[in-house]
Amino acid sequence: MSSLQMPKVDSSVLSRKDKIVSDLENIIDPKNVLSHSDELRPYETDGLTAYKQTPMLVVLPETTQEVSKILSYCNKKKIKVVPRGAGTGLAGSALPLADCVLLGLGK
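Residues in the sequence shown are numbered from 1 upward in steps of one, following my numbering.
Derived by calculation from the structure, the hints in this document are not laboratory data.
Be a bit skeptical, because a hint or two may be false.
What the hints assert, rightly or not - Cβ pair distances, simulated, as ranges: (1) M6 to E62: 19 to 25 Å; (2) S22 to S68: 17 to 23 Å; (3) S68 to D38: 27 to 33 Å.
Unchecked claim - Below, computed lysine-lysine pairings styled on DSS-like, alpha-carbon distance capped at 25 Å: (4) K107 to K8; (5) K31 to K107; (6) K19 to K78; (7) K8 to K80; (8) K19 to K76.
Every residue gets a Cβ at the ideal spot worked out from N, C-alpha and C, and that includes glycine.
Modelling step: build the complete structure from the supplied sequences, incorporating the hints.
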């Protein structure tokens, strides 16, 4: 199996994690912002389990308006976003980054 080269982690984003969580909880229902390690574990891989990476946090928007607001916020704050559907893919395309907001689109 070949080695996977991930983008460099932006430590300035990681250092702002608490503020980012708080800001996103003001955009969507706080119960839909996951930031604790036990909540993030199911999102560290998709159907291709050979590679794992825990995301900084996961957001689970319920409307297209929430998706738009999340993407706008992340763009302004220069935060990487990885979209995820059901997570059943075998291509590794939903593999999160350590400094990203994983945008769960299952709802």
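Verification of the supplied hints:
As the Cβ distance of M6 to E62 is approximately 30 Å, the hint placing it in 19 to 25 Å is violated. For S22 paired with S68, a C-beta distance near 20 Å keeps the hint of 17 to 23 Å intact. A hinted range of 27 to 33 Å for the beta carbons of S68 and D38 is consistent with their spacing of about 29 Å. Taking the CA atoms of K107 and K8, the gap is near 30 Å; set against the 25 Å cutoff, the hint is violated.
Taking the CA atoms of K31 and K107, the gap is about 13 Å. The hint holds against a cut of 25 Å. For the proposed pair K19 and K78, the alpha carbon gap of about 14 Å is at most 25 Å, so the pair holds. This hinted pair checks out: K8 and K80 have alpha carbons roughly 11 Å apart, not beyond 25 Å. Distance check on the hinted pair: K19 and K76 sit about 14 Å apart at the alpha-carbon level, within 25 Å; holds.
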